[in-house]
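Single-letter residue listing:
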Amino acid sequence: METLIGLLVAAPLLGAGILLTGGRRLDRTGHLIGTLLALVSFAFAVVLFADMLGKDTAQRTLTSHLWTWVPVEGFQAQVGFQLDQLSMTFVLLITGVGSLIHIYSIGYMAHDERRRRFFGYLNLFLAAMLLLVLADNYFLLYAGWEGVGLASYLLIGFWQHKPSAATAAKKAFIVNRVGDIGLSIGIMLMFTTFGSFAFADVFPKVAQASGTQHATVTGIGFMLLLAACGKSAQVPLQSWLGDAMEGPTPVSALIHAATMVTAGVYLITRSSAIFNAAPDAQTAVVTVGAVTLLFGAIVGCAKDDIKKALAGSTMSQIGYMIMAAGLGPIGYVFAIMHLVTHGFFKAGLFLGAGSVMHGMNDEVDMRRYGALRSYMPITFVTFGLGYLAIIGFPGLSGFFSKDKIIEAAFAKGGGEGWILGSAALLGAAITAFYMTRVMIMTFFGEKRWQPDAEGHEPHPHESPATMTVPMIVLAFGSVFAGGLFSINSAFVKWLEPVTGHSEGNSPVSTATVTAGTMVVLVVGVALAWAMYGRRPVPAVAPRGSLLTRAARRDLLQDDFNHVVLVRGGEHLTRSLVYLDHSLVDGVVNGTAASVGGLSGRLRRVQNGYVRSYAVSMLGGTALVVAATLLMRAV
Amino acid sequence: MSASVTRVQGAHGAVHGLWAQAAAGPDRFPTPHIEYAQLSPVLIVFGVACVGILAEAFLPRRNRYTAQVVLSVVGLAAAFAAVIALAEKGYGTTKAHIAAMGAVAVDGPTLFLQGTILLVAVVAVLTFAERRLDPMAHGRHVDSFAAQGSAVPGSDQEKAAVRAGFTSTEVFPLLLFAVGGMLIFPAANDLLTLFVALEVFSLPLYILCALARRNRLMSQEAAVKYFLLGAFSSAFLLFGIALLYGFAGSVSYGQISRVIDGTAPMTPALANTTGNDALLLIGLAMVTVGLLFKVGAVPFHMWTPDVYQGAPTPVTGFMAAATKVAAFGALLRLLYVVLPGLRWDWRPVLWGVAIATMVIGAVIAVTQTDVKRLLAYSSVAHAGFILAGVLATSRTGVSSVLFYLAAYSFVTLGAFAVVTLVRDAGGEATHLSRWAGLGRRSPLVAAVFAVFLLAFAGIPLTSGFAGKFAVFKAAAQGGAMPLVIVGVISSAIAAFFYVRVIVLMFFSEPKVDGPSVAVPSPLTSTAIAIGVAVTLVLGLAPQYFLDLADKAGVFVR
Amino acid sequence: MSFPLLTTTAVVPAAGAIITAAVPAARRTTAKYTALLFSLATLVLAAVAMIRFDPSGPRYQLTETHTWVKNFGLHYDLGVDGIAVTLITLTALLIPFVMLAGWHDPDPLETADNRRWRPTQGFFALILLVEAMVVIAFEATDVFLFYIFFEAMLIPMYFLIGGFGDRAHAAGEDEGARQRSYAAVKFLLYNLVGGLIMLAAVIGLYAATAKQLGTGTFSLQEILNARAAGRLHLATSTERWLFLGFFFAFAVKAPLWPLHTWLPNAMGESTAPVAVLITAVVDKVGTFAMLRYCLQLFPEASKWATPTILVLSVISIIYGALLAVGQRDIKRLIAFASVSHFGFIILGIFAMTSQGQSGATLYMVNHGISTAALMLVAGFLITRRGSRLIADFGGVQKVAPVLAGTFLIGGLATLSLPGLAPFVSEFLVLVGTFSRYPAFGIVATLGIVLAALYVLVLYQRTMTGPVKAGIEGMSDLKVRELVVVAPLIALLLFLGVYPKPVTDIVNPSVRHTLSDVHKTDPTPALEAKK
Amino acid sequence: MNPVNYLYLSALLFTIGAAGVLIRRNAIVVFMCVELMLNACNLAFVTFSRLHGNLDGQIIAFFTMVVAAAEVVVGLAIIVSIYRTRHSASVDDANLMKL
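Residue numbers (this note's numbering), protein chains in the order written: chain A, 37 to 670; chain B, 56 to 612; chain C, 59 to 588; chain D, 5 to 103.
I should point out that these hints are in silico values taken from the structure, not numbers from a laboratory.
Subject to a maximum C-alpha distance of 16 Å in a straight line, what follows is the list of computed EDC-like cross-link-like pairs (lysine to aspartate or glutamate):
| no. | chain 1 | residue 1 | chain 2 | residue 2 |
| --- | --- | --- | --- | --- |
| 1 | C | LYS128 | B | ASP602 |
| 2 | C | LYS361 | C | ASP579 |
| 3 | C | LYS361 | C | GLU297 |
| 4 | B | LYS566 | B | ASP479 |
| 5 | A | LYS483 | A | GLU493 |
| 6 | A | LYS529 | A | ASP120 |
| 7 | D | LYS102 | B | ASP425 |
| 8 | C | LYS456 | A | GLU149 |
| 9 | C | LYS128 | B | ASP605 |
| 10 | A | LYS529 | A | ASP92 |
| 11 | A | LYS91 | A | GLU38 |
| 12 | C | LYS577 | C | GLU358 |
| 13 | C | LYS269 | C | GLU280 |
| 14 | A | LYS91 | A | ASP120 |
| 15 | A | LYS241 | C | GLU585 |
| 16 | C | LYS558 | C | ASP112 |
| 17 | C | LYS456 | A | ASP148 |
| 18 | B | LYS144 | B | GLU90 |
| 19 | B | LYS566 | C | ASP232 |
| 20 | C | LYS128 | C | GLU280 |
| 21 | C | LYS558 | A | GLU109 |
| 22 | B | LYS150 | B | GLU90 |
| 23 | C | LYS456 | C | ASP534 |
| 24 | C | LYS577 | A | GLU109 |
| 25 | C | LYS361 | C | ASP574 |
| 26 | C | LYS456 | C | GLU530 |
| 27 | C | LYS269 | C | GLU297 |
Which bits of chain B does chain C cover? Going by a derived footprint, with three or more residues having C-beta under 8 Å, they are:
| no. | region |
| --- | --- |
| 28 | 491-497 |
| 29 | 526-532 |
Think of the CB as a built atom: it goes at the ideal place given N, C-alpha and C, for glycine as much as any other residue.
Full structure from sequences and hints, please.
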């Protein structure tokens, strides 16, 4: 079994290797190889899952040590895996959804001559992501962490000929790097405090931490949060996610909805021991989560680009998860649960969006959609189910997972609990609003289609089976997953041994919360219907209120970055280049020049006249004589 | 007193006897006792020189060249053999003593320097004798010396001389006389001998400078400048000698140092002069000045660039190498044998001179545009480095200076020999701009010159580095670390202009009408080859020569 | 007297240089293959040395001792510790690739008319000469012996930069020539000044030893033993002055801010292979010497200077990265990236922790390989386009995907992505620094963001976007070029996931060095408490 | 009278000679001034020899004269040759080489 864990990672890695070095001869078969290896990896995952279910709770954690990576005295980095319920959940999600999206891409990328490379990157991503969730120490996790960053970079910028794509990819990687600083400093702190960064060593030792080390632990918490913000597009490092939609839609579905962006949630949940010991860090986490869930939702309302709207929603949903994770034992389980259900329905929604674009000559502006339900029924249905799930329609996945989080937020207790709870509720309302908006603008109302750049009239049509099947599967997931998990709280029992769980004491009863969510849901939907359903949607966006305009521009946060960081940076570098030339180099060249000048001046003494030479000799003699006498005098 | 004086007086002690005889009868007329064997190198050289003069007088013109070349080479070789023999006999170390009744010291430094000078001279003779470089005049190969020194440049007389195929073969005897003087100079053990030796090697050099075949105006100008300034400086030297004589009542090194140390038997006369340190110090200063002029130390260096540039390049090479060796030898002996007691007086002054020499030499060289002037200034800078070694005032100091002189002189000879090869219509093309792209046209010559430049710059694995390290090491151990620092900085400045030449030769495109590199006869080739060989050998395996210099590092008193 | 392996390792390339230079002008190709052959032979020898080196054995192994110049206290003492043997292997490894990459560099200099002018022979001979001198410098265990070759290697490098410079110059051939010789002179003078100041210190060291030991010596062993036995003790001020003299030379060579300005010129004006030779091989001697000589000879002074040096190296890291971002010229960009990386190396050395120093050593190796990969591919790119300006490129990945791919991997290595070798060393340096000087560690960590910035900006501007004019016809990598790049990339991957072989060899030597400076790793706060 | 006065005189002569070298243009005259300096030295030698009561100084004076004579020979030769070339014996005309 242990070896199987390794193979789990190895399979997609092998695929990436083959596809990226294979060359043109693999162009025709490449996508199949990639998909196959993804499925293989999924198969392994299922086997391991079955095996794990077979064991009783205590023995469920599997570990396998492969080799010593970096051994330098105290610093002993191992390459070792640890498969417990938490990682298992992720492994299933990653390989499952991953495989589906591989299949989907076969159809979606059918006409791209670089499809082989695309699948190579997808496999690379799977490998890295699996490494991330299977690592048994932070250092290896860091490797996976950056690995998914690379894969995401490659996939966002897959259509490199589009400058916008290239820029978006670069932006994503660099913003993530900022987060990575957090992770690496966190690891360094662990090393200097506990002398190790392996989960098995660190978590027990956190408990022993005392005195000033509490501050250190809090510091570690903050650093990990920074990392999570980067990877999971949380405020203030969320700016890259919107642009990341430049990538092919399957990428958005897999990486920027279902899996990679949730790595932050994984990190925090995995580090529960640390966060439990650092209340301040937890407060920071919930704050970030709450802010982001509103931020994302608001942004989602204003976007006309279907993918960007969904991206906003992703941001917001992950906000929920982060907040939940920040709540501590009350929330971990639900964070992960929401993560999984979100994985299903958000992937489904994205694939749906992809299918729509597929039918509409890659048009992304929802104002140019409309009335598509009859043209692409399957897409409509699956997308619709995803929609119902995300807004938390009773009985569907989102309903279970999200309500739990809202409850947990209240359960936090005190003013904090109230604030968080109401924020979560407000978020739910806005979610209902913007998702309904997307739904209506895309599938209802009248046609607002327009010919694309080459003037082709769009001929919307249902997508091929390779694309629809995964959508259907995901739709099933989005409908039933939540229910299944909640049957006598199976999911809680499943994860509890890893993350721990406590009910907390909610000031408001479950029923009240559910009622509240229902209310806000109805309000949100109704409002959206009133704005977009009843009257026709203008094909060009109205100027809109100040807030709308701000929201369209990601609440100006991007502009801030641009002005402060990008422009400022450019000025800094330009002036430094100038300084390096004129000052640092100038000093040296100046010295050289002055020596030259001195030389030129001294030369003139050598004027060619014997008598002046004689003068210098006589003068010299006088000097020497005088000096000699002086030496005796003093 | 008279007895003691008689004992220590030199060749002229005899005459002192004359004076004494007034008091006591003529029976006490001591015959001067000369150790001919130990003076043999000098005697051989002078002998051969005289023979050379006779050859000039009596041999038919067509045979003179061959005869002179053979004579000089053989004579110098013989002299060198004599030096070796003396060294073998141990005159350099154990049997070192003062010969010729106190006039000449035969000891380690003497023999080492005499050997060096003789080798340098041999190589110089080869370059003197080169006859392939200039285009043939009237079907005859001609060397780089004027057909007839007395003929006015461009006059019919000169044309006639050229047509008649005159050549000034007298340069060889002149060279030999100069060498003779140089052999005595570092060996001189009393101030008179010092002065005479100085003149003996200077006068022929003055004439040699005037004898260039091309650019005769510059050549004559060089001669005039060299002569007038030389005479001027020797006047200082002489006055200094006079004062020292006045102080010590003798010109013998040994006696003077004894008087300085106060170990000499007092006489009333001495008593009232020794009290007067002004005599001593001024004398010391002026004698030193005379020698510093010869080594070309700042501020007595101003003749060097002009003379080096104007003189016929083979002569320049010889002067630059041999004069420095001889003069530094003399300076060393003066400072270490006569004036050790006054170390605290002359050291600070020479510190100043050394620093000025190193820095100013290097700095002025930076903007030079003529190869020969460039090398002249670099030789000034090097004089400064050597002075740093002199200032170590220790045995290692002496030996390091000896080694440096040997290393430096061959690099210099080689460099100037290469300069003679690069020619255009107007003779040697010494302006740097003409050297552009030489590395492309004739890589070998350029490479060789580059080696010499790197040696000058003191890059490791060349003799220049070994020498520089030796003197700086000695200086540092002698507590002159500041000198080392200054030396290091100025060698950095110096490196700049050596590098500039290399850049010019290798990295810039050749000029269309650029100079051609003349294919030399075996003579010059040999000279250059020797230069390269010595540069590399002293750079890679200096141990043997260091030992030699080390053994030779002791002055006899 | 066992077989003098180390001498042979240095002599073989030297001999190769002479033989290559002797090949007649007409037989250019012969010369090339001769040189390549000798470089490979050297690689074999180096590998043998690496294998024969026993990490658990004595500190210096394969030693050879002879007196060279007694009067100078100069010994021909050779011996390698783990660090040296690793770097020798790196050097020997890179040279063949450098040669292959520069296979056609001297061709434009060939002139039919002049038989004595043999640039090709010269080019390859010079490369071998540099290799020989670098190897000796790594092998030397005598301060003076090291100094001699540290200094001498400048000359062949100087000719390589000035004589075989990059012809792809925007400002025309004449301006190019001017720039080239300026760069060459700048390179030489900077390093020469550094070297001469070091010479003063070397002489000072001799004077000191001569005064206290009777006979002056430069043998590292003798000096260390004497100090251990208490027979040699440098006065604090003396030690500091000598340290500064040595360190200055190494800091110029390394180069450390603000002595770095020669590097961008040198690397910018020379062809890519020569640039690799500079930054990946020759400059390593500087950082190596800090580790070997500054710390061992002047432990106290090293500790005294540490804060200043750390500040300077952190400045180098950030400053170099920022300037890299601001560059318009591909090669200058890589040069400034190197400045930043050397900052990391020096930071690691003077953090005085085993992670820091092992990391630094590893960093030297990895930086060598990664820069080689990046720079050589950049060179292929530049020769194809005939320009070094980033602005002249765009959309290359469309026409030359393999080239673009390799370039990207090189770049990712430069920004030290996990899985590629440089990540390991960079993290080691950072953690090593952090564990003793957290502030410096954190500031240095910012460097990784900037690294991402300059690498990705470079990649985006050159490789992505619509195909620029002048790029359309660009050919993808040829076999020879693949042969150059592929092994390097493979090596990057291997050392990225399994650096243990190297660390095992390096760690013991680092332990020795640390014991020289009487430093031990800070214990984790938790253990410290208990 | 006190022989020291002769020393003052010789010093004076030496200085006059030196000054002459510096201010006179005609090469011959300059050279004559040098000769004057040499003779000043001779005077000093003779005086000192008198002071010390040994003859060395006087002998040296003879040597000096010989050397001076030799110098005259060489010097005049050179000066004359350059005069014939340039038709001027001014040392200031001879500055082809400078800087």
